[in-house]
Amino acid sequence: MPDVSLPIAEERKPRIIAFFCNWCTYTASDLAGTSRMSYAPNTRVIRVMCSGRIDPEFVLTALRKGADGVLIGGCHPGDCHYQEGNYKCLRRFRLLKRYLAQMGVEDERVRLEWIAASEADRVRRVTDEMSEAIARLGPCRLEAAPSPPDRGVESEQRLAGVAS
Amino acid sequence: MGRHVVVDPITRLEGHGKIDIILNDEGGVDRAYFQVPELRGFEKFLVGRPIEDAPQITSRICGVCPMAHHMAAAKAADDVFGVECAPTGRLIREWCYNAFTFEDHALHFYFLGGPDFVVGPDASKAERNIVGVIGKVGVEVGKRVIAMRREVREMVTTIAGKIIHPVFGLPGGVARRVSAEERARCVEISEKAVEFALFTLGVFRDVVLKNEEYVGWILSEGYTHKTHYMGLVDSDGKVNFYDGLLRVVGPDGGRESEFPVREYTDYIDEHVEPWSYVKFPYLKKIGWKGFAEGAESGVYAVAPLARLNAADGMPTPKAQEAYEEYFETLGGKPVHHTLATHWARLVELLGAAELMLEIARDPRLIDEHIRNIPTRTPTEGFGVVEAPRGTLIHHYATDENGLITMANLIVATQNNAARIAMSVDRAARTLIDRGKVDDTILNKIEMAFRAYDPCHGCATHALPGHTPLWVRVYDAGHELVQEVRRDRA
Amino acid sequence: MSKPKAGFYWCASCGGCEESVVDLAEDILGVVDAVDFVFFPVAMDFKRADVEALGDGEIAVCFINGALRTSEHREMAELLRRKSTYLVAYGSCSYQGGIPALGNLFTRDEILRFVYHDSPSTDNPEDDEPTPHFEAHEGDLELPQFDEDVKALDQVVDVDYYIPGCAPPPSLLKAAVEAVLSGELPPKGSVLAPDKALCEGCPRIDTKPNEPLITEFKRPWEVQIDHEKCLLAQGLLCLGPATRGGCGHVCINGNMPCTGCMGPVSRAGDHGAAAMSAIASLVDADTEEEVDRILDGIPDPAGTFYRYGMSHSVMYAKRGITCAGG
Amino acid sequence: MASVQPDGEPRIGVYICHCGVNIASKVDTESARDFAGGLPGVVLSRDYKFMCSDPGQEMIREDIREHGINRVVVASCSPLMHERTFRNACIAAGLNPFYFQMANIREQVSWVTVDRAEASAKAKALIAAAVRRVARARALEKKRVPVHGDVVVVGGGIAGIHAALTLAEAGKHVYLVEREPTIGGHMAQFDKTFPTLDCAACILTPKMSEVGAHPNITLWTYSEVDAVSGFTGNFRVTVRRKARYVDESTCVGCQECVEACVLRKDKVQVPDEFNVGLSKRKAVYLPFPQATPACVVIDPNACLQLMKGKCAQTCVDACERLSIDFEQEDEVVEVECGAIILATGYKTFDAHRTPEYGYGRYDNVYTSLEVERLVNASGPTGGEVKLRDGSAPERVGIIHCVGSRDRKHNAYCSKVCCMYSLKLAHLIKERTGAEVFNFYIDMRTPGKGYEEFYDRLLEEGMQVVRGRVAEVTDWAMTDAEKGKLVIRAEDTLIGTARRIPVDMVVLSVGLEPHADAEDVRRRFNISCSTEGWFLERHPKLAPVSTFTDGVWVAGCCQGPKDIPETVAQAGAAAGEALALIDRGHVEIEPNTAWIDAEACSGCKTCIPLCPFSAISRNEELGVAEINEALCKGCGTCVAACPSGAAQQNLFTDEEIFEEIEGALSYA
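Residue numbers (my numbering), protein chains in the order written: chain V, 966 to 1129; chain P, 215 to 703; chain X, 292 to 617; chain W, 811 to 1477.
Bound-form chain V, shown alone (with noise of 0.2 Å):
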């Protein structure tokens, strides 16, 4: 796949990658949408079924290839639509953190929080608040340091194999 990455703006305001649970947080968000709330426009919604498909290294590649900072969203405990997979995220979540720490991560740039289909109001508080503790921390820049190498060629070839 060619590198489609476009020059990145000097200027550029801060940037917030968001993994939304199908089933509460984004749902959520569409709601603060039809409810014409407004708030912060840093956050890039991506929707996944369940935060328990969130993988660190998904947190982690956000940050390098540009994001300023992470806010995952997930159903509150004893909520998740799969029953656990919001404590799975939970599990990842606070191991990654304490890896983040030591690479001298804020702590305010990546924020577990747990979001019910209903609480349009909390999408957009978090936003506003993670938007503007990102802006006091500045850029994230993690750009600059040379690239990790792509997946495994081979099995990269076999797998297309496998999966069509």
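No wet-lab data here; the hints were simulated from the structure.
Quick caveat: nothing in here was measured; it's all calculated off a predicted structure.
Among the hints, erroneous ones may be present.
[As the list claims (entries may be wrong)] Subject to a maximum C-alpha distance of 25 Å in a straight line, what follows is the list of computed PhoX-like cross-link-like pairs (lysine-lysine):
id, chain 1, residue 1, chain 2, residue 2
1, P, Lys406, P, Lys452
2, P, Lys357, X, Lys294
3, P, Lys357, X, Lys465
4, V, Lys1062, X, Lys509
Based on these hints, arrange chains P, X and W on the given structure of chain V.
Here is chains P, X and W on its own, set in the frame of chain V:
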């Protein structure tokens, strides 16, 4: 008008060294600088790591003597937790440690230092390597060398997990038991090792001692320094690689101090020079008086030559005989001839082999209780061993969770750094005349410190990198007027 | 006809990779028969000029081990890349940064400060520090500048293949040489090792239970380690599930957990992230407090999950460094 | 990340919807279109007023046919809204629908962003993300799973009753589960219904007995749902049938046992729930004459035999049919069904929470529900409006919005109070001739015939005072007030504070979710609004659907509403359930996970993580295997797999990584 010769780097040693030879107008040597141009900072990035990881992390300081670092760190970890190593755990550690010392000494004699003697410094570079050695001593011997090392290293792999970067050392003992079958195999291998060591001393006598020219170099002024010596000695004052007290003797061979590693900062300081990444340890009580010999200089040496000078003898009978023969032949203690290190190393080769056998025969080796579980809060700890290349000190402080807050390492070759620098300078002065620099001369200069089997990877805890050796001679205007390329010789 | 030429060079290496070649033992003779070593500094006196004299691509295969931290390392890597048909990153350091890449957790100045000023045994009244350019009264002395951070080989030059391990198992080297000789090579960029995690064929896999198993992480010194049972099931942090096999389970057989020196399998992406995700998922707790209590048993995630791979990690290094431009 | 195109070189078409002005007013759709056109793999990009319209969809179909578009991105509303619409457009043009990706630039951009430039930039980022993602898309087939024909209806109020009957009439078998001993719910307690004033019982009880008699309805009263598992089309519902100590199959409700029950003295009897405590009942009782099933129940908290283990057991002797069984225990039954309808209703606001109105402190302060019973012919007073001292009130004050439209309690309007207050005003006046005052904030009478009813009452001479009541007190300031309750309120129409002495105060309590609504919602895996009402999937377009397919809501459990609305919802829910069942199958989104055996090391990490036990280890091959039929596609195993061997269709690592990079590739 001055000229500047750069020798960068030196081959057939583990690690990176560089020589700058500055000639005066007459073409004589004004000053030869031995530089170690790398640093990696293990001490720094050990901070924040759990103490039990130190043995595995520090072994990466050197892949040639990983066991030495692993063991020094493991002993320091014992100390950090204030826990005794379980007796059987200690036996297992010591067997592996002597086995390692054995095969490492063998490696150096046959693969690295050996070629200078066995093949000879005037031989073409294509022969100055293990292949050349095998050519000289015969393929059968070569195969025997290889097989011996393989058997020892396979056994250590079984017991220590890995041979290159072992994993078995833990606070209070080791991670893995030794089975009865394994012990039997240890005995078998240890017996072979003793045989092999005796055979190798034989090779040395035949090839080196019977060669007037070689003996001539060994005794020559160009390869001699009267310095202090340091080494670990056991309770009987005999050479011990794994544990003991640090003993220092003067140029006259007289004992000057004997201390436990905990007190190393009272006895040793490291001097910094702006032109080398390696720090130069010296005897604190005497002080740093520059790169000088004699009783008044704090410069001291470690490794086989030093250990034999410092100790009262070898702990095992056959090695003791070899020890006596060594000093008789070279005119009594202490021996100041750098090149004699090759011989001293073989005396130790035999000593290590005998210790392997002794331990392997100890029935406690297969006891189930291999480790004492620490109960105390971790604080600070010190560990010392005699690496093949000399005294190795690890020193750690940790928080109450056992995370390292401070790490300080004084490493084998590093102790020799000052003496090596002096050897290089001395050799250069004696060998280079009227600016004439050729391949043989350069190799002989290299021999001056190859004898130390120096590992500058260790010395700076820097990972070494090698570039080829060539010498450039510049005039005052830094115009290149002569270039000697050893690989074109 | 002449034998194919081979090279074996070290950048920032501990020499363990060279030892692993020597550990081919008897096989080394076979290798020496099959290929013509034109460059092997640790063992032979051939020099850089020999290499420069060769035509581009004349070296059939060159193995480079060690991480890259100095200009000299980079120059040699570029030279050997040019002269070699196949360039192989040999060993963890060259492959992913290795142990020295832990240095990327600190800045260059932090390192110099401790080593030459703050260490308890350093005596440095003049506050000297090694300087790249020093004017001695006899003349000028040069030292190579050492970089802000540690890179893997493929972060400096194009790499054809990787051989993982710290140090790599000689069997992998042997197989690689044979592959080159036979010309039967996998796609460029492949890691020349089995592409399955260590759990495959692990002698202890059957003792690993099928339920979330971690109620507490134990540090190896805290417990007597069972010689048969799955180490994770004993609460010991074993990276086997996330780490490429092919090492012969040596650490497991040594009754110690895998620390990940073989790196990730090809599909796993970031080694540490893969390991963290897998390990954390098995933590048997559902409240933040309980999860945290259990995770306290992993006091050093960065040093544990990225011990050999900091240069290849997505985060690469502490931001203080990467801001400075990597 | 990796650089392999799973399904060949993409030819992407991007379509940007204006959604009238909904998007176009905030997003520069033209520049977004041009931006999209420049992205790799994009062969054409268009913008259009309404992409979801026929011409819009036709545009896509035509481009697929004419221009060989093999990947489609539509930037418009939320995928939860129109994903299906556009997928169908792809299918119609012969393109696999999973080569489609949606960018949500309305709900998550134009509707929530103030600044047009910001909105446009964000929209472009989301479009770039969708384009990068769709290039990695793979062709997939939806899974078809047969649907179970039965339906479980939870709640036996008018909503549940109507839904159950509708389905039963359509030939579906219904399990109607009711917590109380009888169905009927609140409606059964009412006397008349507004605005027509027809008798609640007269219209409800026929439907109740119809339920009781219907061959397609299994009626389980005095029962509760313990657990629900499975997914749409195939649920497993566990029902606990509480022991009523009476054999339902033989009891005919003759009430001989009630006669015989030893609890004769008033003080040993217990408050009668049906009459909201205005009368007492015995340990064995029939909730009310038309109770369905017509079967008594024994209250374990009142029955001597069950409490103390010793009693004359006169009831047993009295029952010729030997229906009484003290040994009876709770019975747990499990049923399978294809659809679930929740009609669990509401509870009324507890008037004790507004102490200023004196409920519980003054005998003559009643709640509206209590008055419903008082005016009811079958009630404790036989329909006579009597105060506790037996006298008839001459002046009555009805206070609206008790617990409603009140930030201290519930901010929302309970919607039915105005109307039922008027109804009660009418009935009280009718029965007693008393003067009735209505204290209201706003008189809310929207609905067919409602406003007319209001007018009628005004004509009848009902008094109205506009203003929130400050307090109800018995502290008399004048002789006229002596022995009366004084209602203090500000009359905002004439702008003065007023003190109005009355004999009886009626508190028009609002409607609230059941105390255990939270548990119930969890059990059925649906969401609640912040107030605790069950949350519909879409407030307008899916008012009886929930976010869990196969589960519908009807009646007041979704929010306050009157009977006609409730019945309408119940019918709607039944209709939706019928549509599902008669389709005979459900199409499952193919977002299931699978294991690449070539990459799996058999490390067992994934096995314990699957909440549906879909993963097992093939001991022969030493690799994990996923049973696709059991996999629900959460992706937890995929995130955990340390070998990247587990992958999730529609959400592969590559797709997500591309989406991340795409979203960040434009500042």
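Check: Given the hint that P:Lys357 pairs with X:Lys294, does the C-alpha gap stay at or below 25 Å?
Finding: Within the cut-off at roughly 23 Å; holds.
Item checked: Holds or violated: P:Lys357 to X:Lys465, with C-alpha atoms at most 25 Å apart -> 19 Å, holds
Check: Given the proposed pairing of P:Lys406 with P:Lys452, does the C-alpha separation stay at or below 25 Å?
Finding: 24 Å, holds
Notebook entry, point to check: Do the alpha carbons of V:Lys1062 and X:Lys509 lie within 25 Å of each other, as the hint requires?
Noted result: 20 Å, holds
The structure shown violates none of the earlier numbered hints.
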